[in-house]
Amino acid sequence: MTVEFKAELVIPELYQLFLIAILFVQVLAQGSRMPRAVRWLPWMAGIGVAVSMLSLHSRGVLFTGSYEIDSLSQFFKMTISLGFAVSVLNAVRQPTLDQDKETEYFLFLALSSWGLMLLSSTVELISMILALEVASFSLFPLVPLRSEDRDAAEAGIKYIFSGAGATAIGLLGFSYILAGQHTSYLAELAQKPWAWSQAPMAVAGLTLFLCTIFFKLALFPFHFWAPDVYQGASNETAAYIATLPKVGAAAILIRFAALLTPGLEITTILAVLAAVSITYGNLAALIQKDIKRLLGYSAIAHAGYVVIGLVPGTAEGMAAAAFYIFVYVLMNFACFWVVCRLAADGGNLKLNDLNGLYESSPGLALVLAVGAVALVGLPPTAGFMGKLFLLTAAWEHGYNWLVVVAAVNVAISIYYYLNLVRHAYTQEAPDQTPSPVSHPFFSVFWGACLAALVILFGILPNLVFRLPFPLS
Amino acid sequence: MQGTHLPVLTILIGFPILGCLGLFFIRQSHHVRVFSLAISIVELLLAFPLFGFSLDTPAFQFVEQLPWAPDWGVYYHVGLDGISVLMVGLTLIIFPLCILSSWSYISRRVKEFHFCLLFLSSACVGVFSALDLVLFYLFWEAILIPMYLLVAVWGGPQRQYASLKFVLYTVAGSTLLLVAIIAFRVEGGTFSVPELMTRTFSHDFQCWTFLAMALAFAVKVPMVPFHTWLPAAHVEAPAAGSIILAAILLKMGTYGFLRFCLPLAPEASQSFAPMMIALSIASILYGGAVALGQTDIKKIIAYSSIGHMGFVTLGIFALNLRGSQGALFQMLNHGITTGALFMMVGAVYERSHSREVADNQGLGRYLPAFMGFWGLMAFSSFAFPGTNNFVGEFLILTAAFERNLWVGASTVPGALLASAYMLRLTQKMAWGAPASPREWHDLRMREWVSLLPLAFLVLYIGLAPALFFKVMNPTLTHLMTGLKTQEISVQVSPRARAAPLTEAVVKTQPQGRPGK
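Protein chains in written order, with this note's numbering: chain A, 1 to 472; chain B, 1 to 516.
The hints are simulated quantities; they were obtained by calculation from the structure and are not laboratory data. We put the CB at the ideal spot given by N, CA and C, even for glycine.
What follows is a set of in silico ranges between Cβ atoms, one per label pair, in the way DEER data are often shown:
1. A:G60 to B:Q160: 55 to 61 Å
2. B:I11 to A:L460: 15 to 21 Å
3. A:A195 to B:P67: 37 to 43 Å
4. A:L460 to B:E439: 54 to 60 Å
5. A:F445 to B:L18: 18 to 24 Å
6. B:H30 to A:A153: 55 to 61 Å
7. B:Y105 to A:E428: 15 to 21 Å
8. A:N352 to B:P274: 49 to 55 Å
The whole structure should be built from the sequences, with the hints applied where relevant.
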């Protein structure tokens with residue numbers, strides 16, 4: 001096992017840390033003549049995407065086997081840096097953020113992404129918890145930063161308390177795992193039995209430990225925070241919370257999937273939770289009027305879809321889950337991008353606020369339509385390919401009922417996603433609305449890029465599909 | 001047939017998409033129309049190599065196969081056989097006519113309208129030529145959104161309700177189709193339709209997959225009791241939307257039965273045939289009876305579609321050669337005739353701004369050309385001898401009687417109902433009083449151009465169907481032999497005698513020339 005530290009293996013993390021350091025200095029040097037963070041950070045974050053893409057093929061193990069750099073982790077780091085770049089770009093013009101808190105905002109955002117990057121490489125439970133906490137704690141202050149908004153304060157408190165609660169449960173679970181299996185390394189844990197009859201304490205512990213991750217992923221029954229936090233947080237923060245933390249959670253779950261084999265009690269629990277989460281999220285989303293709440297419930301449903309990939313415990317399943325979460329980030333960002341652009345005053349959008357979007361900005365309407373259609377899972381978007389892979393993987397291992405539940409849910413979910421399209425395309429804007437904000441070229445351009453990626457990976461899923469699990 | 005020939009099908013699928021992209025660079029509405037029409041006509045010309053279709057083999061032709069997501073066994077795999085080549089042909093003919101028929105009707109968001117049309121034409125060709133289940137599903141669902149927009153944006157006053165209903169019904173139906181597709185992949189090891197056709201699946205498996213697929217297709221056809229979206233969508237859709245819906249989209253359902261249900265789940269098809277036949281008869285009688293009570297021209301034709309499609313499914317599930325021939329004919333015919341009828345409803349609506357029969361009476365004197373075409377299409381619609389529908393309906397009736405006397409007998413009232421409502425409608429439109437159309441213009445050049453090809457097809461298929469028999473026979477015979485070998489004595493009637501009778505029909509039709 002390698003003990004020595006090789007810096008060239010962790011360039012994406014170091015680069016992100018470098019950004020954090022600059023931001024930190026800038027926070028300290030507030031009032032100095034440094035250019036505002038929004039001027040340089042988008043470029044630097046863009047370079048970060050390139051850096052993480054270049055290091056896609058690094059392989060190695062660090063820190064006495066607790067930190068693994070493999071195809072999976074590098075794929076997730078690429079996803080996270082891409083998501084970070086989009087979030088920064090998205091938050092450049094944030095109406096509800098005081099300008100003097102801007103640098104702090106980006107500092108915490110960067111720190112959270114850094115935590116998620118670390119998370120995707122950890123293969124040991126303690127480092128996992130540490131990385132998870134770095135990612136979560138830096139998110140907590142972001143939620144109430146929406147200026148003078150009581151809902152934001154409420155959402156912030158909810159997020160902290162439920163997050164802390166989830167962490168506590170996870171730590172409790174960790175102690176049971178350690179007591180039951182005498183190791184905290186995933187590779188060794190994978191060798192141990194995980195049936196209730198053989199290792200009841202460890203199975204109970206693992207279930208509790210997974211709760212922390214379910215919280216991040218907003219999987220039923222740890223979903224309560226999601227709609228409230230989405231609604232309370234500023235649009236830009238919600239866009240981040242809705243996407244990247246889930247990538248981290250999915251990375252961990254995929255690491256854990258090695259422990260799960262079909263037929264184990266814990267696998268069945270996962271399958272049931274997935275089914276309930278999908279159904280509950282979709283049903284609750286049907287009646288939402290606030291777009292962010294709607295997307296919040298849709299996120300609960302999508303958490304369930306990701307978990308479907310872990311249930312079979314096979315390489316195909318894990319690859320499908322990784323692909324799906326990647327696609328989910330893109331399609332969710334596409335929707336949030338439009339929401340953020342439309343809410344000129346940073347307020348929450350209702351469905352009716354989308355009326356006439358097609359007339360005022362056809363480009364954004366198209367981006368929203370592509371995002372919504374992809375979230376339903378209709379071809380030719382990446383959402384369809386992702387769902388197809390997930391369902392195929394699950395069927396092959398006997399979870400047929402889960403496949404049927406997931407498929408039937410497509411029919412439920414199309415109603416509310418189509419509602420977005422319907423309001424944008426077929427409803428006339430009310431007459432007395434103030435003349436629509438003109439959307440600068442780039443706000444449509446970046447949205448269109450997201451939409452194009454969603455379609456591109458739907459038509460050519462192989463471009464990214466093999467990255468997390470080459471030759472498997 | 002896997003050679004280095006021209007990738008005709010890929011070109012046919014890809015060309016309209018390229019046209020869609022081209023639309024972005026055009027500003028004026030008029031240019032958009034001309035450009036889209038040009039694209040759809042060039043598309044028709046590009047299909048010229050399809051005349052190289054060999055009539056001697058049931059195998060798939062013009063096959064192209066490329067790996068797409070090989071890790072998951074998904075291939076880009078297209079090809080045509082005797083069933084699909086006719087459907088692709090129908091699609092290609094209908095689309096330019098759609099564009100022509102909405103030339104002056106669509107004045108708002110013209111570019112987007114034609115974008116939807118071109119995208120649809122691509123997806124429709126895709127549906128009929130896909131040989132990979134995933135590819136099929138992809139095209140199948142890709143039709144949904146543009147069709148939704150056609151109804152929801154350019155539709156009538158109730159468009160929101162109608163379009164949403166259309167989407168919800170279709171999606172709800174097709175979710176289980178996806179499950180069936182995955183099940184086939186897991187059981188059969190491949191998504192490729194030709195390969196799956198060679199596998200034999202257990203009876204239980206066949207039953208479940210049959211039901212899952214049949215639901216999707218039955219919603220699309222639509223069969224009673226899944227039909228309620230159709231009248232709503234038809235009435236609210238703009239003329240082009242109705243034409244596409246009637247002429248092509250409904251055929252996808254019956255095409256699905258022929259392409260997937262029968263060959264992939266032959267035993268289950270036998271077992272469920274009585275149920276499907278019962279539903280078909282219900283559709284025929286129900287569609288006809290309800291059509292009789294309508295006052296809205298579009299509704300009459302919409303409900304008549306339900307009846308006609310009932311004949312198609314009846315033919316398919318009679319599970320004999322004549323039934324399937326009749327079904328395929330009826331699919332073509334219904335596309336041509338009902339497409340033309342909807343086109344003419346659109347034309348008359350542009351003049352009267354009403355679809356009520358009462359507002360469109362007495363056209364015979366003032367719009368003789370229009371009424372002439374209408375008469376021809378109406379007669380064709382209720383299967384007057386000498387028109388195209390006669391061939392199909394005759395075959396289906398024969399097949400139904402051959403299967404069971406009572407099945408045959410209960411479809412006869414359906415045929416009678418069809419002539420009742422069509423004659424009643426035509427009579428009122430031609431001679432009804434008060435005559436409304438004093439000021440109206442008779443058919444314009446554009447309308448002549450869009451109706452003539454269909455009128456020609458009505459008579460050509462009606463009088464000389466031999467060519468079409470030649471195209472479809474190898475495939476259908478192959479399909480029926482496949483069914484027969486799977487058969488577990490569900491059926492008793494001797495179907496060996498079918499062939500000579502069919503040939504008799506083929507031979508006598510052209511010379512017989514039953515007068516009109």
